[in-house]
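Participant: Read off the chains here:
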Amino acid sequence: MNRILLICVLLLGSIFTVRAQNKFSISGSITDSGNGETLIGTTVYLKEQPTLGTITNAYGFYSISAPEDDYTLVVSFIGYENYEKEIHLTSDLRMDVALHPNNQQLTEVVVSSKKKNSNVTSVKMGVEKLNPKDVESLPVLLGEQDVVRTLTLTPGVKTTGDGSGGMFVRGGNNSQNMILLDEATVYNSSHMMGFFSTFNSDAIKDLTMYKGTAPAEYGGRLSSVMDIKMKEGNNRDYHVGGGIGLLYSKLNVEGPIVKDKGSFFVAGRRTYADLFMRMSPDEDINGNELYFYDLNLKANYKINDNNRIYVSGYFGRDVMSSQDVFGMDWGNETGTVRWNHVWGSKLFSNSTFIYSEYMYRMNANFGNLNMGLRSEINNINLKQDFMYFLNSKNTLSFGLFGTRGTMIPGQVEVDDDSTLHPEDLEDRYYWEYGAYISEEWKINSRLTVVAGLRANGFNLVGEGDFYSYDEDGLVTDTTHYSSGENVKGYLNLEPRFNIAYVLNDKNSLKFSYARNTQNLHLIQNSTTSMPTDMWVPSSQNVKTEISDQISGGYFKNFNDDKFQFSGELYYKWMQNQIDLRDGADIFGNELIEGEFLYGKGRAYGLELMVKKTSGKMSGWVSYTLSKTEKQIDEVNNGKWYDARQDATHDISVVAMYKLSPKWDLSASWVFNTGNAVTFPTAKYQANNDVAFYYTERNGYRMPDYHRLDIGATCKLKKTEKFESSLNFGIYNAYGRKNAFLIDFDVAEDDPTRTEATKTFLFTFMPSITYNFKF
Amino acid sequence: MKRYIKFLATSALFILLYSCTETIDIDFNDFDNQYVIEGNVSTDEAPLISITSTINFDEPNEFPGVPGARVTLTDDLGNIDVLDEISTGLFSKDGFIGQEGRTYSLSVELNNELFSSVCKIPNQVMLDSISIEKEEASIWSDVDADSIYNVFVYFQDPIEVDNYYFFVEYVNGEQVRSFPMSDEYSDGEYLDWELHTHDRELNVGDVVTVEMRCISEDVFEYLRDLDQDNGMSATPTNPITNIQNATLGYFSAHTSQRLELIIEE
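Chains A and B, in that order, are what the protein sequence lines are. Each residue of the first sequence is one higher than the last, beginning at 1 in this note's numbering. Each residue of the second sequence is one higher than the last, beginning at 1001 in this note's numbering.
The shape of chain B in the complex, shown without the other chains:
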């Protein structure tokens, strides 16, 4: 809903349809490098904690891992797990699966700094089904009219509970896009949400997988603000992290459920 309203409110910049663009060089200010911690504990797969770092704007988009951290996960029963560094800056633990309703604490010790966060896995909401529809070309389309498809998700939102969802769309196993959404304006409804995109091409035979995660409110806000990273805002900013002592990154403990379908003629 908010996305729609925001979209409406900024659509007044219709004038941009008649504008031109060109790339320019910016003289960037100096900065102190920041660690970026992304932690995910899922009910469906092993946890994955990645530690990377900021890089200069002009460098290629390769974000090397930061090695040497000690990463632990503690649950609200007091079970402590030290994670293994499975590749540089990437931590996991075989056999560790998150439990619905349980609270997890993340702790990262790195170069004498301590970063920590706490997150509770919300109750699961079941994703009933997904469908896909071919879309008519419109002014919003950026790609060929023949290859625009929209994915719909169908599920019952629990009434009188604030629910936050994160839909991740994979095409042939690759994460393509994601949608943080909330039930703020649709509480208790049977929902048929469109994962609205206008610039993603699909072809016959592609396997589309949708993962629905039930996430906590602070993670939802982080992912939403990460999504709205654009040049129009007067106060673009870093999303507010839920990790203490850190500037960038998040820790999400969430449920996970996947459904898939194949694009047909």
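Pulled out of the complex, with its shape left as it was, chain A reads as follows:
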């Protein structure tokens, strides 16, 4: 560890040894000439000095430094016409460029939006990236080209199948993924038990996922970061887009607030499966409600060349209820206000204020008893980020952040005349704060290094009663802390290090090391993720989760960059992992920490992917071979055992075929080894009934999961003014009965036998969506 710190210090020191001699900078922002949206990841370079190049940042801003001379500035982005302009560099230059969409290229299938070989030359590894230009060529899943879902079809990312919203990255748990929507934390990332992602693809401008190798500006979760940026809206003309489908409909509106200066974007969706249910003559079905809706809103205003303000928000709710006896709703809310400011031509600053919240609420009527509960977690966050384009070889990112978080487990409300005395669980408050610095250093044309360090502080504060526990989870001591008083603090340093060595423009080797920490822990007592899963903060009992990951990869392009190959190996150590005691009681339990067990984890694997990025047929094949294990003294006699999400084999095949200018076809097939689960091994009799005897945790496997989805898109009309298309899809096309859960009970038709029963959800689900845009 010390050695890594030393390297960081040396790298940062190197900045100040590079002397600038008559150098000037060219900076500006790159936008789409059609709608004014800023373009992320655009390549900007000088034709005469191609090594003096850069890519635009998350706000479309770039800055290049070069000695005084005459140059040709080149801006290129796939899907756009190249822009070239001769410049005479004698002083700092501001060059804002609007790129023209290239319709010729758009008809080609493009999976990667980046420079054709940027997968090879970029220093990033363990990264998957998609942007709206790619959406046109995504597979159709449940009648929609879903960006988030498509991302889970890449190596190292595992989903657990039907009816569970979980995503597992490189052996990490579902709760170890940071999902950011315009920088706001989204606590629950799925609608309807994972069948739909929280995010409306129409509203997404750019999506990047880091599999534990994120730069130092990101933190807070062990396994991955999914950074989603919403569309800003067209600042030239008003447009309306939408879709009408069997399961849901969606609509978006965008347009200028002040032409060329500011724009807005609004998108909404709602499912209406419940409307069909109401038509059912069956009373058991027509009294039920089951739907979700969500809204994305964003507005931005460019005050001048150096100042721009963004306001964005998200609101989503899932609702389910049944015949007045049971009702529940849950959802996320986020709000982000940002101010971009350019100081001179080299320093880019972004100031952010964020609010995010997740809540669930439920009520039930048990005949003589009415109960209700509302539970919430929220945080307010202030962030200040800087990007300093020091010179052609060094870019420095640094920043500060501070968060105030509140967890409100909620009180169970009952009828006034009830004999129940509900327990009021105390709210919990925490502060999380820190700073980071990261430097990208192009040592030479072959070697690039990104080194960074993040310091993350966490303090749990009062007011409240806090407990200490003994080895058996029994309370030994209770201490009362007053409001704002420090209960327990943790400070962690997280070094990050990426290095890329380009062998030639078709081959590269990369290596990365990253430490990540996590102070909010999600407690799940079920084999599937539920809206009611509980967040708990680090405390005197629960320690900061820590992971260290090393990974190495080989990247190769062949056949004129038409095919991309990547092979990555990773090994991850995880400390202070939480699991539950046997028979843990976590609902409404004030002493929940007494139910926890602590141990360590390890995960390692090989990820292979071959991707075809152009031509009539495009797509990819990905394969992951991996192992994820845990070791907890009190479980399975302290032996290493398979984590629930451990999957030996994980395969995704995605294919898109351009049949004609009118028709696009797509298919995707996934396979993964079943989850590790706990099944009984034998049975016995107790209390006049059959009981099951369990011998070890996670000693069995669910059946292998596999599924084929097929889809087709038919472009009905495409003119300047109006576009429309039809999406057809079939989910689980060959009707695989994938197990959602397996339970054991006395056979219904024969009380002298016991049987194992598999519950499965949708076997064959067709969908049709009509999409339009004008």
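A hint or two may mislead.
[Stated by the list, open to error] Listed next, the in silico SDA-like pairs over lysine to any residue satisfying Cα-Cα at most 25 angstroms (straight line):
| id | chain 1 | residue 1 | chain 2 | residue 2 |
| --- | --- | --- | --- | --- |
| 1 | A | LYS773 | A | ILE710 |
| 2 | A | LYS758 | B | THR1235 |
| 3 | B | LYS1120 | A | LEU474 |
| 4 | B | LYS1093 | A | ASN687 |
| 5 | A | LYS556 | A | LEU447 |
I should point out that these hints are in silico values taken from the structure, not numbers from a laboratory. The structure displayed is predicted, hence computed values, not measured ones.
Given the structure of chain A, go ahead and fit chain B onto it with the hints provided.
Facilitator: Chain B in isolation, oriented as in the chain A frame:
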């Protein structure tokens, strides 16, 4: 209360209403057979200690007794009783009745192994009355709407004492279901608890008997966890026994009181 909360929390799996099921074969792991000791000392009847064993999942639900044990009960006054094996693996003693407030020790010697446990009979809480109500059909019902009945129990919970109850429901003398409950959220109240069921049929003329037992905390936890043996939990497990050296089973010394009524038109 906990049951309700847990029920609420897992009800989000509403989606299961739209699911299908089928039986599947599982390839079970090897295991070492375990003895299962169930011991009951009651204030109302002779003690009953049964010793059975685990069997393979695929075998029929017959759990033969394990013979040849030496079973003794000792009370906190030092009285020792050796129980008689009244049938294979089943032990009792005529004339032995548990006393409220007294502590009993169970000892089982079997094939050179010794299993032991200690349990105190809690103070009795009187069950005032029971009633039965016909229930409207709802989405929770598994059986015919005409035959759903719920039993209510009425009693005063003593204040500032942790009480644990075990209600056993018998229909025409057969044990049908049981409910471990605690006063954790209802301390000191006059209680009108519903023994909530949605899948038990009753017919006119059936005799319903409710036995209320006051049990100890560890037995309550055992019976509660035995009850929650289902496939949704991420960590299904064996309930924690209060018998030393054993993996499965429990020893309960408890009070007992029975009330009955007949289903009328």
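Participant: For each hint, tell me whether it holds in the structure or not.
Facilitator: Now the hints, each set against the structure:
1. Restraint check for LYS773(A) and ILE710(A): the C-alpha separation of about 24 angstroms stays at or below 25 angstroms, so the hint holds.
2. With a C-alpha separation of about 18 angstroms, the suggested pair LYS758(A) and THR1235(B) falls inside the 25 angstroms cut-off, and the hint holds.
3. For a cut-off of 25 angstroms, the pair hint linking LYS1120(B) to LEU474(A) stands: about 21 angstroms separates their Cα positions.
4. Our distance criterion of 25 angstroms between C-alpha atoms is met by LYS1093(B) and ASN687(A), whose separation comes to about 20 angstroms.
5. Distance hint between LYS556(A) and LEU447(A) is fulfilled; the C-alpha atoms sit about 16 angstroms from each other, no more than 25 angstroms.
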